[in-house]
Amino acid sequence: MENLIENLKKQIIEQLNLAEVKPEDIDPSAPLFGEGLGLDSIDALELIVLLEKNYGLKIQEPKDAKNIFQSVKTLAEYITSQKK
Amino acid sequence: MAMYINGTGCISHQNTIDVDDFFENSRIDLLPLLPTQEPDYKDYVPTNMLRRMSHIIKMGVAAAKISLQQAETENVDAIITGTGLGCFEDTDKFLKTIIENNEQLLTPTSFIQSTHNTVAGQIALLIKCHNYNFTYTQQGLSFESALIDAAMFLNENKNSNILVGGLDEAIQPYYDLLVKAGHIKKQGDVITEIEKNKTKGFCLGEGASFFVLSTKKNKTTKTQIKGIKTFTAIKGSNDLQNKLTAFLQELNLSVDDVNLVLSGNSGNVEDDKLLNENNKHFFSKTDIAYFKTLCGEYFTASAFALWLASAIIEKQKIPKALTQEHSNKKDLKNILIIDQYRNTEYSFMCVSSC
Amino acid sequence: MVFVTGIGIISAIGKNVSETLSSLLESRTGIGKINHLQTIHKDNYVAGEVNYSLQELENLAGLKNSNYNRTTLLSLLATQEALISAEIKDISTHRTGFISASSVGGMCHSELLYKDFLERKPHKNFIDTHYTGSHATDVAKHFGIIDYVTTISTACSSAANAIMLGARLINNNILDRVVVGGTDALCKFTFNGFNTLMILDKEWCKPFDNNRKGLNLGEGAAYLVLESERVVKAENKKPLAILSGYGNANDAFHQTASSPDGQGAYAAIQKALEVANLSPIKIDYINAHGTGTANNDSSEAAALQNIFKENIPPFSSTKAFTGHTLAAAASIEAVISILSIQQKTIFPNLNCVTHMQDTKLFPVTSLQKNAELNHVLSNSFGFGGNCSSLIFSKN
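Protein chains in written order, with our numbering: chain A, 1 to 84; chain B, 1001 to 1354; chain C, 2001 to 2395.
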């Protein structure tokens, strides 16, 4: 899980071009959207593609993404749960 | 009706961010593709907006911010931009991904940033401007269209402030496409005296030039735009001369009142023909300088010319690189910009002291 | 005063005004299977495609080997019809301009050759016709319009802005007559672009329906001929309508999403009403932007609620007929609005069944004849927060 969280942080930084942000700056439990990293709806779509590209998981409705993308931790938990 | 220029911002091949340095040290570089001198964009744009911005968007937003800073305002009643090519970096990126991934697993950012009005939209977001917002894309007349709109807007809303800009980018894939189409000058053919050039092709430049305009003078006012006219069908030398005569007459100016002509020769011998003939006969007694030797050719190079004309009148000096003979000329009151793009689109702009 | 003296249109519901009107009166949608656009998505989505191949469009225009791309041919055809409709025999009699709009430009052609370009394989040059302004240069030249030519590109509000600029050019006495409108062809670039935003409905769109899933893309072109009062009098013309109001404002909320309260939309409608010197109660019908996306329809509904309060006029989105034609949308819908006035008919918002939960608004869902329409409002809202509204009035 730790590994996955670290990898996700790096992938998010790269995909969303967060040039000023380092993996250690991202608190895994902090909100990704609104506050925390302050991502928006376009970033959510980028993450949906990241999920499919890197983990083979497809989200059909953007509104389902809200819970999954709450934090890096919830995202990691979702990925882990789908692998079973 | 005159439009006062109250603030300017320009990013180009020259160091147009530091105006004094520009007048001293600008030079003519003999390159088919002219690189841009860029500021640290973090000085002008918040990081969370910067991360999505491609090259042209950064240039545009920064130049706009500089012009607003100079005009000492962030309140504008309209944002009007002109761009012939639009956001090509994002266009190329999205298209490439479509092709490489066979229309699968595509991400939205480069698509949404590729629309032509992205720069105008981003500026509006940055300064929270809910007002009039237009983008013109009529190739070589994109910037002039924006200015003509601004003139009408000021006529309709006499107490307004307008932000107007012209910008285009010259990224590698675009340059390659122009080379392939035969539009770019061969390296060995580039010469300093552009008006004496005998070969085809032009040197590609890029840039963003923004202006804050109003009908009212204030403490930041630099110069005024007295008139502007565009043409999409010039039928030869006589036609150009007649139209020029009419333009000057409308402004109550004679040829002798024009202290300097900024001529839009691109370096393509065929496209420059009419301008050269006109300059030889109509402006035989007037000083002429060729602005595209400093900025290169691109759809909105006339916006650079406007920035240059305004700076020359404001500082009452001509950059050394532009014209050796005239650099000590004084009492610069009226500058006429005559631009052309591919010998199909022509424009006149008169910039004056005020 | 600015008068509309001619109209021309081509879209999924017809290649001219007459066919368009038939489709509208018969509630016959143009949304269906994708036949001409080559995309891997073609069997999984529907769109409002113009039912002619590139070659067929060229034949319709009476041209041969023109090398004009789809965007340009659509523009040419609609302009041709508009000029004939305005009974213009000599274009040079008055100061005449051409103000067009496009977001696709020559991309419909460029994208077919881009792979070869990337792989450094030989290919025909496409860069000179790639630009959004190229079609305007070609079409203006074709019809001999020289006094003023320009192109506007502000995404989905583009054609409304072209129409607005035309009116202002007349009101500022720069032109006497101006052909205004927009054009966009379907292409892989925009199709995939909208798909990445997850706002395409794989099935027939449902504007303003609670269960709406997104938009259907469309293509087409439409132009109006606007003339000054002086020209109308001098030529004894019978105008089709008056362009009485227009307004543009910026949402300044987000790059693509509309603000929840529809602030930009509200401001644009407000400005149009001011120019027309009308109070909201005078609007008899609204041709809504109504793309069918969750975000747009809610935002537009909020704006309508705020402006019209208790007295929301009958409204419908005609995008379930034509699809969302992007830069051409506002001019296609302008023509439809003018037909509404002429026919005294409100064309329905097709495929809308369930009320939206968050608002009391519900569109007109069946053809309404004998409607006295004196003033019609037409909305178009685009990316970059660009919001525009037009008001057409009975002559």
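Note that these hints are calculated values from the structure, not bench results. Owing to the predicted nature of the structure, the values given are computational and were not obtained by experimental measurement. Heads up, some of the hints might be wrong.
Unchecked claim - Result set (DSBU-like, lysine-lysine): computed pairs, CA atoms no more than 30 Å apart in a straight line:
1) C:Lys2121 x C:Lys2064
2) B:Lys1093 x C:Lys2115
3) A:Lys63 x C:Lys2121
4) C:Lys2124 x B:Lys1243
5) A:Lys66 x C:Lys2213
6) B:Lys1200 x B:Lys1280
Now the hints, each set against the structure:
Pair hint C:Lys2121 plus C:Lys2064 holds up; C-alpha atoms about 28 Å apart against a cutoff of 30 Å. A distance of roughly 13 Å separates the Cα atoms of B:Lys1093 and C:Lys2115; the hinted pair therefore holds under the 30 Å criterion. For the hint pairing A:Lys63 with C:Lys2121, the CA-to-CA distance comes to about 43 Å; that exceeds 30 Å, so the pair is violated. Among the hinted pairs, C:Lys2124 with B:Lys1243 is inconsistent with the structure: their alpha-carbon atoms are about 37 Å apart, more than 30 Å.
Using a Cα cut-off of 30 Å, the hinted pair A:Lys66 and C:Lys2213 holds, with the two alpha carbons roughly 17 Å apart. Taken as a hint, the B:Lys1200 and B:Lys1280 pair is honoured in the structure, with Cα atoms around 20 Å apart against an allowance of 30 Å.
Checked against the numbered hints above, the structure breaks hints 3 and 4 and satisfies the rest.
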